[in-house]
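Turn these sequences into a full structure, and let the hints guide you.
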Amino acid sequence: MNSPPVSVLVVEDDEDHAVLIEKQLSRIAVVGDIQRVVNGDDAISLFSQTQYKPDLILLDLNLPRYSGYEVLAALRAEEATSRTPVVVVTSSPNDDHAERAKQYNVMDVVVKPATGERIAEILHELRSTRPEQEEWS
Amino acid sequence: MENNELRLSHKFTLAFIAAGILPLLAMALLAFDFSRRAIGDQVAGQLVGVARVQTNRIQLLSRLKRDQMRLISSRTQLRSLFVEWLSEPTDQAVAEMVQILRDARDEGADQISVLRTDGEVVASTDETWSERGSPADEALLERAQNQVVFGELFLDAEQRICVDMYGPLLDRSKQVIGLIWVRTPLRELASIAGDYTGLGASGETLLVKLQPEGTLTYLTPQRFEADSTGRNDSLLAAMRGDRLKAIETIDYRGERVLAAASYSEDLDLGVIVKIDRREALSPANRFGQMAIWGVVFASLSVVAVALILSGSITRPLKQLTEAVDDFQDGDAFQQLDLSSQHEVGTLGRALSSMAGRLAGTRRELEKESAFRRLVLDSAHDAIVSVNGDGRVKLWNPRARTMFGWREDECLGRELSEVLKVDDGESPWHALLREVNAAGSASGEPLPRQEHRIRRRDGSAVDVQVAASSMRVETQTEYCLFIQEVTKQKDAERRLKRLNAELKAKNEEIQQLVYTVSHDLKSPLVTCKGFIGVLRDDLEREAYDEMLDSMDRILRAAHRMDRLIDDLLNISRIGTIPISHEWIEAGELFRTLVDDWQMQIENAKVEVTIAEDMPRLWADRVQAMTVFENLLANALKHGAKGEQPIIGVGGVEIDGEARFYFADNGPGIAPEFHDKIFRLFQRLDSVVPGSGVGLAAVTRIMEVHGGHAWVESVLGQGATFWVAFPRPAGDNNEQLEDEAHGKSATGARETTSPSRGVP
Numbered sequence: 772m773n774s775p776p777v778s779v780l781v782v783e784d785d786e787d788h789a790v791l792i793e794k795q796l797s798r799i800a801v802v803g804d805i806q807r808v809v810n811g812d813d814a815i816s817l818f819s820q821t822q823y824k825p826d827l828i829l830l831d832l833n834l835p836r837y838s839g840y841e842v843l844a845a846l847r848a849e850e851a852t853s854r855t856p857v858v859v860v861t862s863s864p865n866d867d868h869a870e871r872a873k874q875y876n877v878m879d880v881v882v883k884p885a886t887g888e889r890i891a892e893i894l895h896e897l898r899s900t901r902p903e904q905e906e907w908s
Numbered sequence: 022m023e024n025n026e027l028r029l030s031h032k033f034t035l036a037f038i039a040a041g042i043l044p045l046l047a048m049a050l051l052a053f054d055f056s057r058r059a060i061g062d063q064v065a066g067q068l069v070g071v072a073r074v075q076t077n078r079i080q081l082l083s084r085l086k087r088d089q090m091r092l093i094s095s096r097t098q099l100r101s102l103f104v105e106w107l108s109e110p111t112d113q114a115v116a117e118m119v120q121i122l123r124d125a126r127d128e129g130a131d132q133i134s135v136l137r138t139d140g141e142v143v144a145s146t147d148e149t150w151s152e153r154g155s156p157a158d159e160a161l162l163e164r165a166q167n168q169v170v171f172g173e174l175f176l177d178a179e180q181r182i183c184v185d186m187y188g189p190l191l192d193r194s195k196q197v198i199g200l201i202w203v204r205t206p207l208r209e210l211a212s213i214a215g216d217y218t219g220l221g222a223s224g225e226t227l228l229v230k231l232q233p234e235g236t237l238t239y240l241t242p243q244r245f246e247a248d249s250t251g252r253n254d255s256l257l258a259a260m261r262g263d264r265l266k267a268i269e270t271i272d273y274r275g276e277r278v279l280a281a282a283s284y285s286e287d288l289d290l291g292v293i294v295k296i297d298r299r300e301a302l303s304p305a306n307r308f309g310q311m312a313i314w315g316v317v318f319a320s321l322s323v324v325a326v327a328l329i330l331s332g333s334i335t336r337p338l339k340q341l342t343e344a345v346d347d348f349q350d351g352d353a354f355q356q357l358d359l360s361s362q363h364e365v366g367t368l369g370r371a372l373s374s375m376a377g378r379l380a381g382t383r384r385e386l387e388k389e390s391a392f393r394r395l396v397l398d399s400a401h402d403a404i405v406s407v408n409g410d411g412r413v414k415l416w417n418p419r420a421r422t423m424f425g426w427r428e429d430e431c432l433g434r435e436l437s438e439v440l441k442v443d444d445g446e447s448p449w450h451a452l453l454r455e456v457n458a459a460g461s462a463s464g465e466p467l468p469r470q471e472h473r474i475r476r477r478d479g480s481a482v483d484v485q486v487a488a489s490s491m492r493v494e495t496q497t498e499y500c501l502f503i504q505e506v507t508k509q510k511d512a513e514r515r516l517k518r519l520n521a522e523l524k525a526k527n528e529e530i531q532q533l534v535y536t537v538s539h540d541l542k543s544p545l546v547t548c549k550g551f552i553g554v555l556r557d558d559l560e561r562e563a564y565d566e567m568l569d570s571m572d573r574i575l576r577a578a579h580r581m582d583r584l585i586d587d588l589l590n591i592s593r594i595g596t597i598p599i600s601h602e603w604i605e606a607g608e609l610f611r612t613l614v615d616d617w618q619m620q621i622e623n624a625k626v627e628v629t630i631a632e633d634m635p636r637l638w639a640d641r642v643q644a645m646t647v648f649e650n651l652l653a654n655a656l657k658h659g660a661k662g663e664q665p666i667i668g669v670g671g672v673e674i675d676g677e678a679r680f681y682f683a684d685n686g687p688g689i690a691p692e693f694h695d696k697i698f699r700l701f702q703r704l705d706s707v708v709p710g711s712g713v714g715l716a717a718v719t720r721i722m723e724v725h726g727g728h729a730w731v732e733s734v735l736g737q738g739a740t741f742w743v744a745f746p747r748p749a750g751d752n753n754e755q756l757e758d759e760a761h762g763k764s765a766t767g768a769r770e771t772t773s774p775s776r777g778v779p
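Taken in sequence, the protein lines are chains W and R. Quick note: the first sequence uses my numbering, first residue 772, plus one each step. Quick note: the second sequence uses my numbering, first residue 22, plus one each step.
None of these hints come from the bench; they were simulated from the model. Where a beta carbon is used, it is the ideal one built from N, C-alpha and C, also for glycine. Among the hints, a few may not be true.
[Stated by the list, open to error] Some but not every residue of chain R turned toward chain W, in silico, with C-beta under 10 angstroms:
#1 Thr-536
#2 Ser-538
#3 Ile-552
#4 Ile-574
[What the hints assert, rightly or not] Keeping only pairs whose Cα atoms sit at most 30 angstroms apart, straight-line, the calculated DSS-like set for lysine-lysine is:
#5 R/Lys-661 to R/Lys-625
#6 R/Lys-526 to R/Lys-508
#7 R/Lys-661 to R/Lys-696
#8 W/Lys-873 to R/Lys-524
#9 W/Lys-794 to R/Lys-549
#10 R/Lys-549 to R/Lys-517
#11 R/Lys-696 to W/Lys-873
#12 R/Lys-542 to R/Lys-526
#13 R/Lys-549 to R/Lys-510
#14 R/Lys-542 to R/Lys-657
#15 R/Lys-542 to R/Lys-441
#16 W/Lys-873 to R/Lys-542
#17 W/Lys-873 to W/Lys-794
#18 R/Lys-524 to R/Lys-510
#19 W/Lys-873 to W/Lys-824
#20 R/Lys-388 to R/Lys-524
#21 W/Lys-873 to R/Lys-549
#22 W/Lys-794 to R/Lys-441
[Said to hold, decoys possible] Partial pick of chain W residues on the chain R-facing surface, computed with a CB cut under 8 angstroms:
#23 Leu-791
#24 Pro-835
#25 Arg-836
#26 Ser-838
#27 Ser-862
#28 Ser-863
#29 Thr-886
Put into structure tokens, the structure is as follows:
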């Protein structure tokens, strides 16, 4: 693959969970830059104050201050991130999450702890279906 | 009543008089008038009859006289003597003619003469006339050549009616050669005038001469007055009329008379037959007098009968009236004699029977009324009736106790004035309209409404109002049945509140379960994840990294252990019995600061404790837990500035002992003020913590009947408050004041119930 590496933003307040995801991502070849923020406020200010534009956002639902959904709504309201692929990560699997997340046009809902294979699959899917793929090749 | 009765009998009498006397009077008058007419006619007929007879007699007399004249003139001897005398006037011839005339005088004449046609007396039975000549004028003499004519009647020296008659003396060839003059008294006229047969005491026959100027000269000696002349145009007219009839006029004496008049041309003589009107009509007058007496008598008897009859009717009527007046006595009719068969008796019996029925009906009504009163007085509902305009007509005792208005204060007033609803427009007109629309079909449930009404004293009462309507003649009336449902409504409201609380609690629990499961799961996720990483590392033989993973797994296990402990502790807060005691806050805070000296120093925070704090009524251990948690929270999140300060103090407000922990840290945005008190809710994931501390504070404060909250503006620090209520029944601020030497601020009687008092 000659594609450029994929940049990923991890929104996760739990230190351990963040480290875990980062470890798994770093073992996937296509992943390039990995950024991490611990809450929604930081994620939104990151987008609004910098030119940073990740290829994928891994968003934890259970966040301090604002919940994952509130962050999602804010992201989708921003021009820069309105179409950024988002994968919701949660430790409590239930149908509600999947349904609610769909409203915000998320790629997938993944239950923690996600295996490395699962994340790889998602990245692969992202690369194969993403319309902006052309830009990268 | 007396007046009416009198009026009735008067009317009765008047009616009798009108019905009995007036026709009688009218009949009497008619009869009187009729009799007068009849008698008048009869008298007139009689007068006309007499007049006709007398006239006929006069006619006959004149004819007789004419015949006498003709007899004389037809004496041939006289004629031939006169012819002879004409050719040769000799005394011999005159003497012979006188002799013949004297013979003829036997017929009754005073004097008979033979005249020449120029009126010269040739021979006369009275020699004096031979010298005097005839008194006749030329016109008379001229007329006498053709027929026998009468001169004027006159009275002679002996007051006899006499007349001069002239007639022609014809020769053989019927040529007038001379005239015959006879002066003769008309004795028959005197007898005609003196004949009063059929003329009563005041009647007479008058013979009159018509003078050229229209006056009448009475020729015959009158029955009552002599030598009268007079003028009477109506009699004159009657004489000249074609037909003989009676008229009423005034005679020469000035008396009103009935008279008939005729005229005899031969003798130029009028005949008047008259009788005094008074005498003529005296039978009618007598009849009239009789009639008047008859009418008077009849009137008296009619009045008497009317009085008797009206009395006989009004007396029983009066009795009946008195009985009806005394009807309230019930048996007033029993004392009356109702056996009489006439109409009043029948009426009395009918009234008596009606009274009986009325008495029965009245007893029924009284029973109904008593029952109605019983129902209204003892009804558990307030019963209010209103007329079509919504004005109160009835207000039962229960309505008085329910709303505080007496019946006399409500009657006639608008319903909306006495039943004021708590808020909004008065609903009564709408309710009455609804009732009207629903009709009044029995068996149908009445339209019902629930309202909160202000009593007269301003307190509120919850009521359920059912309404019905009824038509009374053309008016619609409404009845409201009002049931007090304050207790039910209170219970309902309490139930609603409890339900809402329960629902909130349920949601909270659900949220809690979710949060708890998530937070419990979080370390598990870490464990599972890093075990997977470990496995990979093992496979890759990357041993350096394995140590980190194992550390993380171990820390996660510890965290979970602590979480479970915290959860257990927090769940125990409500279950372990709490023992209230009065705690001196200052003492408690000093102990707290001593225990946490190390952490305070590590955080480089200055903690100040205010003086003069209220006591609090609480479980000592749990109160300590509350304050520990607040201090820990302040140290963790509030002590972040250059010179972190934590101020601790307390005040007595609204009957609560309130304590605060104020920091000068970053502060908390308003939207998180509630969230931070919930279990496992943290605003900051960097600062270590389980998110249990403030939840425990909330829980303990709940158990103590108090509450916890935060006041903060972002960037200006945060003040966490807890409020402990006073125990129930403790209202002696003085004790508080004495204990602390300060006046209680805003102290009020506490309304919070005490909880968990062992």
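To see whether the hints hold, each was checked on the structure:
no.: 1; hint: Thr-536; in the structure: holds (8 angstroms)
no.: 2; hint: Ser-538; in the structure: holds (6 angstroms)
no.: 3; hint: Ile-552; in the structure: holds (9 angstroms)
no.: 4; hint: Ile-574; in the structure: holds (9 angstroms)
no.: 5; hint: R/Lys-661 to R/Lys-625; in the structure: holds (10 angstroms)
no.: 6; hint: R/Lys-526 to R/Lys-508; in the structure: holds (26 angstroms)
no.: 7; hint: R/Lys-661 to R/Lys-696; in the structure: holds (21 angstroms)
no.: 8; hint: W/Lys-873 to R/Lys-524; in the structure: holds (29 angstroms)
no.: 9; hint: W/Lys-794 to R/Lys-549; in the structure: holds (14 angstroms)
no.: 10; hint: R/Lys-549 to R/Lys-517; in the structure: violated (46 angstroms)
no.: 11; hint: R/Lys-696 to W/Lys-873; in the structure: holds (26 angstroms)
no.: 12; hint: R/Lys-542 to R/Lys-526; in the structure: holds (23 angstroms)
no.: 13; hint: R/Lys-549 to R/Lys-510; in the structure: violated (56 angstroms)
no.: 14; hint: R/Lys-542 to R/Lys-657; in the structure: holds (24 angstroms)
no.: 15; hint: R/Lys-542 to R/Lys-441; in the structure: violated (60 angstroms)
no.: 16; hint: W/Lys-873 to R/Lys-542; in the structure: holds (24 angstroms)
no.: 17; hint: W/Lys-873 to W/Lys-794; in the structure: holds (27 angstroms)
no.: 18; hint: R/Lys-524 to R/Lys-510; in the structure: holds (20 angstroms)
no.: 19; hint: W/Lys-873 to W/Lys-824; in the structure: holds (22 angstroms)
no.: 20; hint: R/Lys-388 to R/Lys-524; in the structure: violated (57 angstroms)
no.: 21; hint: W/Lys-873 to R/Lys-549; in the structure: holds (27 angstroms)
no.: 22; hint: W/Lys-794 to R/Lys-441; in the structure: violated (75 angstroms)
no.: 23; hint: Leu-791; in the structure: holds (4 angstroms)
no.: 24; hint: Pro-835; in the structure: holds (5 angstroms)
no.: 25; hint: Arg-836; in the structure: holds (5 angstroms)
no.: 26; hint: Ser-838; in the structure: violated (10 angstroms)
no.: 27; hint: Ser-862; in the structure: holds (5 angstroms)
no.: 28; hint: Ser-863; in the structure: holds (5 angstroms)
no.: 29; hint: Thr-886; in the structure: holds (6 angstroms)
In summary, the numbered hints that this structure violates are 10, 13, 15, 20, 22 and 26.
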